[in-house]
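K.L.:
Listed below, chain by chain, are the residues.
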Amino acid sequence: GESVGLHLPTLSVQEGDNSIINCAYSNSASDYFIWYKQESGKGPQFIIDIRSNMDKRQGQRVTVLLNKTVKHLSLQIAATQPGDSAVYFCAENNQGGKLIFGQGTELSVKP
Amino acid sequence: DAGVIQSPRHEVTEMGQEVTLRCKPISGHNSLFWYRQTMMRGLELLIYFNNNVPIDDSGMPEDRFSAKMPNASFSTLKIQPSEPRDSAVYFCASSWAGGADQPQHFGDGTRLSIL
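These protein sequences, in sequence, are chains A and B.
The working numbering puts the first sequence at residues 1 to 111.
The working numbering puts the second sequence at residues 1001 to 1115.
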């Protein structure tokens, strides 16, 4: 029979371009947010985090932006490379010690 | 530094059999989490421990699932009896709960297939 699964949003970018992956979170009381990268056959890998008292945080080639007013989180990847191809998840800490994960966005980088 | 170590990486077994998944958290981490990932439901938290004590097991699907953490460096997730709908990738993650807001670090998972 036909299998039904999550249809991940997909973002396709050209190598060298900048990528922006968006995430809407659910709980206005969440105070800590994380971006993970998951490659095929591997576990989610921590990329960058941000606390709710910040609007922006930068890492190496990555920037996370937090807009608490509209409960929106974004991950910007500069000069996207083929090795950046993966599924990216945002996660929020709901203050109960648990992370709530989004459904993920699949990033495909074209050489 | 060694990350979270899970074993086995792959497990194929027949329904009705007992399955035991193992996890060694990162040394010094005092919180441990078990997740299940499927195409249908994404990444789901099953249970988590702080200082070897189960804190929240509300995500454990049924009594067939049980988890233990006998010491700070080892945890098991057991399914008995296993069913085909248990087929998924099971991840273990650990973090340090001693400070405010620490990221969880994941192992590479166990891909479980129940025939």
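Simulated from the structure, these hints should not be mistaken for lab results.
Treat the hints with care, since some could be wrong.
[Stated by the list, open to error] Keeping only pairs whose Cα atoms sit at most 30 angstroms apart, straight-line, the calculated BS3-like set for lysine-lysine is:
no.	chain 1	residue 1	chain 2	residue 2
1	A	Lys71	A	Lys98
2	B	Lys1078	B	Lys1068
3	A	Lys68	B	Lys1068
4	A	Lys56	A	Lys68
5	A	Lys42	B	Lys1078
6	B	Lys1024	B	Lys1068
7	A	Lys98	B	Lys1024
8	A	Lys98	A	Lys56
9	A	Lys56	A	Lys42
10	A	Lys110	A	Lys56
11	A	Lys110	A	Lys42
12	A	Lys71	A	Lys42
13	A	Lys42	B	Lys1024
14	A	Lys42	B	Lys1068
15	B	Lys1024	B	Lys1078
16	A	Lys68	A	Lys98
17	A	Lys56	A	Lys71
18	A	Lys110	B	Lys1078
K.L.:
Each hint needs a verdict: does it hold in this structure or not?
P.N.:
These are the hints, each one checked on the structure:
1. A:Lys71 with A:Lys98: Distance of about 18 angstroms is within 30 angstroms: holds.
2. B:Lys1078 with B:Lys1068: 8 angstroms, holds
3. A:Lys68 with B:Lys1068: Between Lys68 of chain A and Lys1068 of chain B the Cα gap is close to 38 angstroms, so the pair fails against 30 angstroms, i.e. violated.
4. A:Lys56 with A:Lys68: Holds, at about 11 angstroms.
5. A:Lys42 with B:Lys1078: 21 angstroms, holds
6. B:Lys1024 with B:Lys1068: 12 angstroms, holds
7. A:Lys98 with B:Lys1024: OK: Lys98 of chain A and Lys1024 of chain B at ~20 angstroms, within 30 angstroms.
8. A:Lys98 with A:Lys56: 23 angstroms, holds
9. A:Lys56 with A:Lys42: 28 angstroms, holds
10. A:Lys110 with A:Lys56: 28 angstroms, holds
11. A:Lys110 with A:Lys42: 21 angstroms, holds
12. A:Lys71 with A:Lys42: 29 angstroms, holds
13. A:Lys42 with B:Lys1024: Since the Cα atoms of Lys42 of chain A and Lys1024 of chain B sit roughly 16 angstroms apart, the hinted pair holds (cutoff 30 angstroms).
14. A:Lys42 with B:Lys1068: Between Lys42 of chain A and Lys1068 of chain B the Cα gap is close to 24 angstroms, so the pair holds against 30 angstroms.
15. B:Lys1024 with B:Lys1078: 15 angstroms, holds
16. A:Lys68 with A:Lys98: Status holds; Cα separation ~19 angstroms.
17. A:Lys56 with A:Lys71: 14 angstroms, holds
18. A:Lys110 with B:Lys1078: 42 angstroms, violated
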